[in-house]
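Enquirer: So the sequences go chain by chain: A and B. Residue numbers for the first sequence follow this note's numbering, beginning at 1 and rising by one. Residue numbers for the second sequence follow this note's numbering, beginning at 1 and rising by one.
Each hint can be trusted.
If chains are identical, the list can't say which one is meant, so a pair holds when it fits in one copy or spans any two.
Listed next, the in silico EDC-like pairs over lysine to aspartate or glutamate satisfying Cα-Cα at most 20 angstroms (straight line): (1) LYS146 <-> ASP284; (2) LYS306 <-> GLU295; (3) LYS113 <-> ASP92; (4) LYS113 <-> ASP87; (5) LYS254 <-> ASP57; (6) LYS254 <-> ASP23; (7) LYS304 <-> ASP195; (8) LYS113 <-> ASP36; (9) LYS254 <-> ASP269; (10) LYS273 <-> ASP284; (11) LYS306 <-> GLU117; (12) LYS107 <-> GLU73.
Worth flagging that the hints you see were computed from the coordinates, not collected in a lab. Remember, it's a predicted structure, so these values are computed and weren't measured experimentally.
Protein chains: 2
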Amino acid sequence: MSEHLNTRIVLAARPAGRPTPSDFRIEEQPVPSPADGEVLLKVLFLSLDPYMRGRMDAAKSYAAPVEIGAVIEGGTVAEVIESRHPDYKAGDIVLSHSGWQSYALAKGAHLRKLDPEAAPISTALGVLGMPGFTAYSGLLTIGQPKPGETVVVAAASGPVGSAVGQIARINGARAIGIAGGLDKCAYLRDELGFDEAIDHRDPDFPERLQAACPQGIDVYFENVGGAVWDAVFPLLNPFARIPVCGLIAQYNSKGPFPGPDRLPRLMRDILSKSLTIRGFIQRDFADQRPAFYSEMTEWVRTGKVKYREDIIDGLRNAPEGIIGLLEGRNFGKLLVRVSDQFA
Amino acid sequence: MSEHLNTRIVLAARPAGRPTPSDFRIEEQPVPSPADGEVLLKVLFLSLDPYMRGRMDAAKSYAAPVEIGAVIEGGTVAEVIESRHPDYKAGDIVLSHSGWQSYALAKGAHLRKLDPEAAPISTALGVLGMPGFTAYSGLLTIGQPKPGETVVVAAASGPVGSAVGQIARINGARAIGIAGGLDKCAYLRDELGFDEAIDHRDPDFPERLQAACPQGIDVYFENVGGAVWDAVFPLLNPFARIPVCGLIAQYNSKGPFPGPDRLPRLMRDILSKSLTIRGFIQRDFADQRPAFYSEMTEWVRTGKVKYREDIIDGLRNAPEGIIGLLEGRNFGKLLVRVSDQFA
Numbered sequence: 001m002s003e004h005l006n007t008r009i010v011l012a013a014r015p016a017g018r019p020t021p022s023d024f025r026i027e028e029q030p031v032p033s034p035a036d037g038e039v040l041l042k043v044l045f046l047s048l049d050p051y052m053r054g055r056m057d058a059a060k061s062y063a064a065p066v067e068i069g070a071v072i073e074g075g076t077v078a079e080v081i082e083s084r085h086p087d088y089k090a091g092d093i094v095l096s097h098s099g100w101q102s103y104a105l106a107k108g109a110h111l112r113k114l115d116p117e118a119a120p121i122s123t124a125l126g127v128l129g130m131p132g133f134t135a136y137s138g139l140l141t142i143g144q145p146k147p148g149e150t151v152v153v154a155a156a157s158g159p160v161g162s163a164v165g166q167i168a169r170i171n172g173a174r175a176i177g178i179a180g181g182l183d184k185c186a187y188l189r190d191e192l193g194f195d196e197a198i199d200h201r202d203p204d205f206p207e208r209l210q211a212a213c214p215q216g217i218d219v220y221f222e223n224v225g226g227a228v229w230d231a232v233f234p235l236l237n238p239f240a241r242i243p244v245c246g247l248i249a250q251y252n253s254k255g256p257f258p259g260p261d262r263l264p265r266l267m268r269d270i271l272s273k274s275l276t277i278r279g280f281i282q283r284d285f286a287d288q289r290p291a292f293y294s295e296m297t298e299w300v301r302t303g304k305v306k307y308r309e310d311i312i313d314g315l316r317n318a319p320e321g322i323i324g325l326l327e328g329r330n331f332g333k334l335l336v337r338v339s340d341q342f343a
Numbered sequence: 001m002s003e004h005l006n007t008r009i010v011l012a013a014r015p016a017g018r019p020t021p022s023d024f025r026i027e028e029q030p031v032p033s034p035a036d037g038e039v040l041l042k043v044l045f046l047s048l049d050p051y052m053r054g055r056m057d058a059a060k061s062y063a064a065p066v067e068i069g070a071v072i073e074g075g076t077v078a079e080v081i082e083s084r085h086p087d088y089k090a091g092d093i094v095l096s097h098s099g100w101q102s103y104a105l106a107k108g109a110h111l112r113k114l115d116p117e118a119a120p121i122s123t124a125l126g127v128l129g130m131p132g133f134t135a136y137s138g139l140l141t142i143g144q145p146k147p148g149e150t151v152v153v154a155a156a157s158g159p160v161g162s163a164v165g166q167i168a169r170i171n172g173a174r175a176i177g178i179a180g181g182l183d184k185c186a187y188l189r190d191e192l193g194f195d196e197a198i199d200h201r202d203p204d205f206p207e208r209l210q211a212a213c214p215q216g217i218d219v220y221f222e223n224v225g226g227a228v229w230d231a232v233f234p235l236l237n238p239f240a241r242i243p244v245c246g247l248i249a250q251y252n253s254k255g256p257f258p259g260p261d262r263l264p265r266l267m268r269d270i271l272s273k274s275l276t277i278r279g280f281i282q283r284d285f286a287d288q289r290p291a292f293y294s295e296m297t298e299w300v301r302t303g304k305v306k307y308r309e310d311i312i313d314g315l316r317n318a319p320e321g322i323i324g325l326l327e328g329r330n331f332g333k334l335l336v337r338v339s340d341q342f343a
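Generate coordinates for the entire structure from the input sequences, incorporating the hints supplied.
Expert: Next up, the structure:
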């Protein structure tokens, strides 16, 4: 592979608040050769996800931070270029965690082979991948929506939120989506079949949310935090469930946060309404993955669950992509097309 | 019953912050006569519990507030004086919810007959009653302590906390109790078998708590809130469970609460540690009551669960009792002896 170079994007500096282009650095290196048991991958799609912002901080979250100078982490769909693992051959398409680079080595045990006939390969990073499974496992295990209940989800046109709303409807619940902008709201109602969609940029957002939830809120799938939380909180019904899988609105702020202190009020409502708040990441529910792949593939195939992708061309544009994602500029699952398949 | 008067304590005013004696008023009325299906009860023991403070506010919590001029609510053990219900006869001892008064009418369906041979009748208001069931249901259903895990509970010499720690130990977990004062801490260690007991009045309380929990905290049974929460919070392990059944430290404050705002930090930890916070009241788990009565009665009989009562003589002293309870002055389950049995 000596005619190719591996383009990689490393963390140049830890962002102070929102990331800027200077926090990233593009490097080129020789493409490495696989050792025994390894494969050489050419990355086709890189997934950009809100959790990546957390990995750029020095503090340990549920995973270790990315070191300064290291390739930024990320889920990828890749093509096997050269294999020294018995289960893989050149041309296979796999799900890998190769990060922000155009070529990568991987151990065979860390890969999952994809069937390009079953679904477009990019969906392994979205509706049939980590975001879809986050929605599925968190909503069904923690949220437990019942027929007639009201489920609210923010960032609802994104890959997690859109799956949450559609799975809620499959379970007979009302789905209320919150998104930024009229085009996203129209998409939620007209394309995805949400019962209501509310623009959080609307100056009357809290009142509109309340009007959309005349029976209160039974499940709030929390993936944003911030001002949406303040509007949702007073509407929670007794025994409401709140799966927490993301807080994108506060990822760029470190605190301390100015008062008043909202914790005593939260605890009081947790107590007086018997609320359940539970954080999770999808790997907490790894034993549900087979059921997810089977059910979700069928829902996508039959059109019960629809999805939308927002594709950026070229790895060099990934930094702008993640910066935009943290500002809500994407519309659908954000992916970087790193290389063309079989090119 | 014309020779007797019913002494009743009514809510004279809604307390601003901590209750004062002038918020209560003692009245005397004729003892009423039971209608068909009712019994007349003479109250023997009145239970004083932290939840009563919430009922004195105008805001609806999980139950409606006590109206101004109305008898204050409360669980009671009473003797049937006159019965017009086929299931009860004079002399029967029953669990009722007769409130702060010396005589009361009750419908038979609202009573539970007690067996004075099985356990002292006062325990129906404590270890074998609502507080014991709060500990049992919240700890086992939400806390789910596993062998070797660390369970922390505050107000640990009280009726809920003492049961939480002892049931945690029955389940093979380490029990760390927090209480106010050296005598209470000694009682927890020496009488109840807690692994450690920490005085929250100690200036080094957070450091001592940390030293007592070298493996972190897996279950925090929240029944106080306030400063204890701040010491517990950083020690929570991934996947920790936090049943919330009380917040006595904040019952006397209305807010708004001064900053900094602790909510974003809480939400971040809920997410990064996959925490579960769930509020409950014991009636949420009503289907577990038969198992509770059976197991807890056996544990008390065999000495695996011990209890302590703090008994005030005379209904007129109930206001001072509840004021002291909210300041942590009681030592054990606080009861008012309203009348002597068979007197």
